[in-house]
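K.L.:
What follows is the residue order along each chain.
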Amino acid sequence: MNRSFLARNPSVLIFLAVLGLFTLAVTFASEGLGMGLISTSFVKTLGKTLTLALIAVAMDLVWGYAGILSLGHFAFFGLGGYMIGMWLMYERTRQIVVESMANAAIPPTDQEIVDAIGTQIFGVVGSSDFPAIWAFADSLAIQLILVVAVPGVLALVFGWLAFRSRVTGVYLSILTQAMTLALSLYLFQNDSGLRGNNGLSGLQNIPHLDQVPQSVLSVWFFWASALALALGYVFAAWVVSGKFGSVIRGIRDNEARVRFLGYSVEGYKLFLFTVTAMIAGIAGALYYPQAGIVNPAEIAPIASIYLAVWVAIGGRGRLYGAVIGAVFVSLVSTWFTGGQAPDVNLGFYTISWVDWWTILLGLSFVAVTLFAPKGISGIFDIWTGRRSPQRHGADLGPDPGSLREKEAEE
Amino acid sequence: MLKRIFLTVLAAVLLASQAKAQDALGPMQTILQANAEIIVKSSRKTIQPAIDAVAGSGLPQAQSVLEAWQAKDMWRRKADGLFFRAEKADGGYRLIDFDSGEVVGVAEKGDLKQIKPNSGIRALIGTALVTFQLNDPDRVKREEALTSLERDANAALLEPLRASIEAEPDPDLKARKLRLERLLTISYDPDEATRIAAIEDMAGDLGVDVRAALNPLVATKLRVFEGTPPADVNVARLLKPGSDALPREEAYALLSDAGLAPPRVTPEAVRAALAEHIEGGTVAGVAVTALSDPAKRVEAYRALADRGLVPPYLAEDEISAALSAYSFAEVYAEPSPAVTDAAEAALARINTKVGLNQALDLGLDALSLGSIYFLAAIGLAITFGVMGVINMAHGEFIMMGAYTGYVVQQLIPNHTASIAVAIPLAFLVTFSAGVVLERLVIRHLYNRPLETLLATFGISIALQQLFKNIFGTQARPLTSPDWLGGAWVLNDVVSISYIRIAIFVLALLFLGLFLFIMKRTRLGLETRAVTQNPGMAAAMGINPGRVNMLTFGLGSGIAGIAGVAIGLFAKVTSELGADYIVQSFMTVVVGGVGNIWGTLLGAGLIGSLQKGIEWLNPSNTLAAQTYMIIFIIIFIQFRPRGIIALKGRAAGD
Amino acid sequence: MKSINTVLAGTVALAAMTGAASAADCPIKVGVLHSLSGTMAISETTLKDTMLMLVDEQNKKGGLLGCDLEAVVVDPASDWPLFAEKARELLTVHNVDVIFGNWTSVSRKSVLPVIEELNGLLFYPVQYEGEESSKNVFYTGAAPNQQAIPAVDYYLEELGVEKFALLGTDYVYPRTTNNILESYLKMKGIPEEDIFVNYTPFGHSDWSKIVSDVVALAADGKKVGVVSTINGDANIGFYKELAAQGISADDIPVVAFSVGEEELSGLDTSNLVGHLAAWNYFMSADTPENAEFIAKWHEFIGDDTRVTNDPMEAHYIGFNMWVNAATEAGTTDVDAVREHMWGQEFPNLTGGTDVMGVNHHLSKPVLIGEILADGQFDIISQTDPVPGDAWTDYLPESAVLISDWKNLGCGMYNTETKTCVQIKSNY
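If you read the sequences in order, they're chains B, G and F.
Be aware that the first sequence starts at 1, since it is given in my numbering, and climbs by one per residue.
Be aware that the second sequence starts at 1, since it is given in my numbering, and climbs by one per residue.
Be aware that the third sequence starts at 1, since it is given in my numbering, and climbs by one per residue.
Bear in mind the hints are in silico, worked out from the structure with no lab data behind them.
One or more hints might be untrue.
Said to hold, decoys possible - Partial list, computed: chain F residues near chain G (C-beta under 10 Å):
(1) A41
(2) G232
(3) A336
As the list claims (entries may be wrong) - Over the 12 Å line for every Cβ pair with chain F, so calculated as not near, a few chain B residues:
(4) F130
(5) L144
(6) H208
(7) W223
(8) A224
(9) K243
(10) V258
(11) Y287
(12) I379
Please read all numbers here as calculations on a predicted model, not as lab measurements.
Using N, Cα and C, we set each Cβ at its ideal position, and we do this for glycine too.
For reference, chain B alone in the conformation it holds in the complex (with noise of 0.2 Å):
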């Protein structure tokens, strides 16, 4: 027990060399600071994949770790997005507005400036006057406080809610996805004051920042995500490396003996469904100004769905199967989609990738289930000559698919 962090857990020093690696190999392919290798959208594409590992990782600490599967995290992501594109959208709004007031015979009233924003950022809805929840957007810092504030606050009530009653297992499942569904039916509405079925866009344009060209700040926003996913991961490590990580293992494999042991179960629970949650509030906050739009489609039930499809495709209960999961989905996806795949010609019918991949995907994650559950990250246990314990009685220990503890075998 006296080894240091990073000796017992030899991935994390891996994990990090390899993202380092790949950090500098696509700023120096960049167009903007290299090379021009990888064109800027491209670089866009690979800085929100990080963001999305950077998710990956929190619902891996979620479900892979405390059996949680929470399909509301994705609303977290979502509403971080929200936070930040309220600052970004307000201040790029006000330096426009001021600079058309600058010409006035008379100088403008602070109201009049407000006034004015609201009139720009909510004419496109039909209507100019700042809703409350808009009361702190003039302000960066406290926007990038709310980006954690706000989904950790959420996650707070709902799991103290939800875990006070005992709810877990699928039914938590399916009141986490209700919640999702509620908060985005909630910001469909115009009513809500974030611009309903628009939701908040040009985010990719960085208030202050006019001169520097898309191809820089793409390569900015890649170093950003690139080191909130390393610090991420080094946290997401140092809290199931210890006693507390031994503890939510054993809330996910029998919840029941980890109370009679003592320990506050709903405690460590709420704990954890709430600092992943902010884990996800950043992501969403580093992926949105990437991506240039956040709307309410994205919070969708659906979203959290791919994102537990993610985990388990990458193999749940070790970080790095999170982060290979959601790379290599998401990725595999843009190229289905994008319609770069070539379409097979079966002679009497042609596939064309971009209608049956998400076929594909949904065979692909039974498949997973039934046969692999250990996901794509099973193949370093082969690798390593890792091999779970035989049980009889399979009902006794934990979901085959989680990676259980060294203990087991010894």
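Based on the hints, put chains G and F in the right spot on chain B.
P.N.:
Using the frame of chain B, we list chains G and F on its own:
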């Protein structure tokens, strides 16, 4: 007699040939030609003289001309601008002269221009036709006349209507005529006492038409009077400025609009005035740069006003003084207080009744929505509630049922027959799909509920996309048979469409079927045994695999039938199932897992809740869905096992 | 001698330059940015096919500027952020000269910053809510004053409607359009309490209560008309409920802005005869140009039952205007083409001529059609061409704004303060 007919025909033929030869037009054609410009222009605003000319011509053919015109059967020959009634015939259109009623030839479509009166003009023509049609021997035409009267009547038609009542042979039409007579009396009779009597006659009636006749009588207008309103004005109520009904700003705006007081100086006006009076970087002594402060702006403006350069800035006390000099009142357009009083009283009675009936209607809607949710959830109540299998592809089974209905309807055009075939076929299709799913996937995942959830979710997205690939993303039509087409109308407030009633009945049937299978059949007994303890059940000689397969198939099959019903009432798209899946799970969870009565209660609760929220916030249906889900989340906090909880099972097991 | 040398050298250089230019520019690439999968696929796939047909047609006529045209099709999959990504890909990876695409406003708003940043050129073919004029976008669909306002005028004047029910799906187009309409109706003397507004979610199916509410509006004796901005699938349930409650178009007419031939093909229209739609084009338009267009479409798609619709006509006009403008400019350079687009004329399919204004909106006629039992529309009213208005005159904040890229070089010019509010768009 024969001779006379012969002579008329001869005369007509002669006339027609003359018309051709000498361009001497028939009397009706002359009228039409005189109004040709406005007829061709075909605008409701200008058409009235043409209709009046035709209707008031006194010619026997006036009615047929108007009828042809209304039915878009009037055409104009481009060559000479003459109007004809045209019928489709080989090689074009057969032209029939309005005056003689004879076929004058066949013309190609390209040589003709159809006169297309819009719906507004058709209504005007209909009103003009009323006097002709009220006593027409043809029942259909009399009915048309009454419909026109209901839509658009005027004072002149009251007498003809009254005169036609006596001779009306058809009892239904007579009743309608009597009712219309009462309504027209309320609106148009010159005698006050007669009107009040009519108002009192109709006072208990719920019809929209009655309210439509009464409401204009009590319509009011906000007016300003210097001092108190004069005695000859029929005042509904006096308003005090500053009250909720009339805020100060509005009251003052009313005054300034009427030119009774100087207009208020708005902030925009202040800014514009200031901008006009900039002198060397200052406005009235205030530096321009300081004018970003609203208080400074007012200060500068007052300074300008003192110099007489701009209108004075009004202080609050000046506004109060101006307001107190006037009184504000809502005034009836109808001058007679007796009539307005009677109408108000009648409306008050009607509105109470309408309120009660609206509550009933809302209740029916809630019941209907509840039954739809129940229908969508009942299959789930079997697979999830009884077997404990989370089947996220349940929605897609509903969708498969709906598409089965669509395909059957493509093959069997008769709607009744196709539905009769579609329902068992949908059951078969989804039953087999369910069995296949159970055998291939779910069987391997019992005791691993989270993975069942994810695997079936994979199936769900694959199926959705598969159906998109086959049928396209556009909604497909699934049309209900005619006998399910209309609505059951209790009165003008309470009505419910037959298709919803059918869904309700279907839901009840399924409830019965479910109870029968679970309580009275061997399969039900075995299912309950296997669910409670598969090992023990197997020891008793039950094959758990077979029972699970059949039960799952049954749940899926019922989902398929639900799909046909839902498709009939809404639409068939590949996302149809996804729209219901979360609600269905909610229904089962809220009701209490494993208990069909719970599911029933859950569906009823969710349905009425959603309708209730919609009623509170009628302009935003989306909000209703949001709040309903939040309510469910909170509800589960207090009853985590649902409304009807099975003993010994927590929501987490 | 020296001057001759210079001239000669110049000529040689010029020849070399043009040769190089045309070699580098051939083929001219036309980006097609329409969703081929996801919820919008059904509407947008048709437009993709229309573009392929138009490009094909142009190549048969000998291409453009001596080059063949090549359509570059990408699939943004009805995913709004993906629209921005794909637009960047089209402009930077494929180097297209023009993009034809998008269907919804939110997708356009997503693409706008990219197009403006990279100085691309987009033709947007669908009716939209206005309140926008980008230097890099030409709007060939209808602005509210080319669809909504004339339809309401028709209600007021021709049908004598006194009370309005504005029903819409809850998103930006219905919200803004209804806002403009409310303001317009109040100007026309319709009091606020006679305007009923309701928003429903996408794909709404439970219409019973809303339709009952509309029927109940008639209780004060005024003629009720419904203005529907209900989108997509939700229309099916709505029209089914109308039919079930037996509401005839003569009692309560419904005019729809999002229901065209394509949408009606999913419905049994026998109960809907007489209800209305307002567009700038109907398939039933009786002109030789339209007959030719329909014939070509049927031939291209290989299916005689396929309908044509308004956005298809918009692409037809937009594409031909772009071809003519590029021919006049002698290049496909965006800035040069833009200048030749202003005032560009092209005959439309309903027997008139459309003109591109300096505010990047088309001037085109407004048609009102009554639904027929065969799913087509009977055109009962056709106006003279109406110039599209980027900033509506019926909202106080927008009434003072105009767009004039030619003379003012500004898409959002405040006529009161005489300043350009902004050159780039507000997304």
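K.L.:
Against each hint, give a clear statement of whether it holds in the structure.
P.N.:
Going down the list of hints, with the structure as the test:
For the restraint placing A41 of chain F at the interface with chain G, the shortest Cβ-Cβ distance is roughly 5 Å, inside the 10 Å limit, so the hint holds. Satisfaction of the interface hint for G232 of chain F is found here, the shortest Cβ-Cβ separation to chain G being roughly 8 Å, below the 10 Å cut-off. Proximity of A336 of chain F to chain G is violated relative to the hint, the smallest CB-CB distance being about 39 Å (cut-off 10 Å). The beta carbon of F130 of chain B sits about 14 Å from the closest Cβ of chain F, which is more than 12 Å, so the claim that it is off the interface holds.
The beta carbon of L144 of chain B is kept farther than 12 Å from every beta carbon of chain F, the shortest such distance being approximately 22 Å. Distance to chain F confirms H208 of chain B as a non-interface residue, since its nearest Cβ pair spans about 15 Å, more than 12 Å. Even its closest Cβ contact with chain F, about 20 Å, leaves W223 of chain B beyond 12 Å, as expected for a residue assigned away from the interface. With a closest Cβ-Cβ approach of about 18 Å to chain F, A224 of chain B is found to remain outside the 12 Å limit, as its non-interface label requires.
Even its closest Cβ contact with chain F, about 41 Å, leaves K243 of chain B beyond 12 Å, as expected for a residue assigned away from the interface. For V258 of chain B, the requirement that its beta carbon stay farther than 12 Å from each beta carbon of chain F is met, with the minimum near 41 Å. Some Cβ of chain F comes within 12 Å of the Cβ of Y287 of chain B; the nearest lies about 9 Å off, and the non-interface call is violated. No beta-carbon of chain F comes within 12 Å of the beta-carbon of I379 of chain B; the shortest separation is about 30 Å.
Going down the numbered hints, you'll see the structure goes against 3 and 11, while the others check out.
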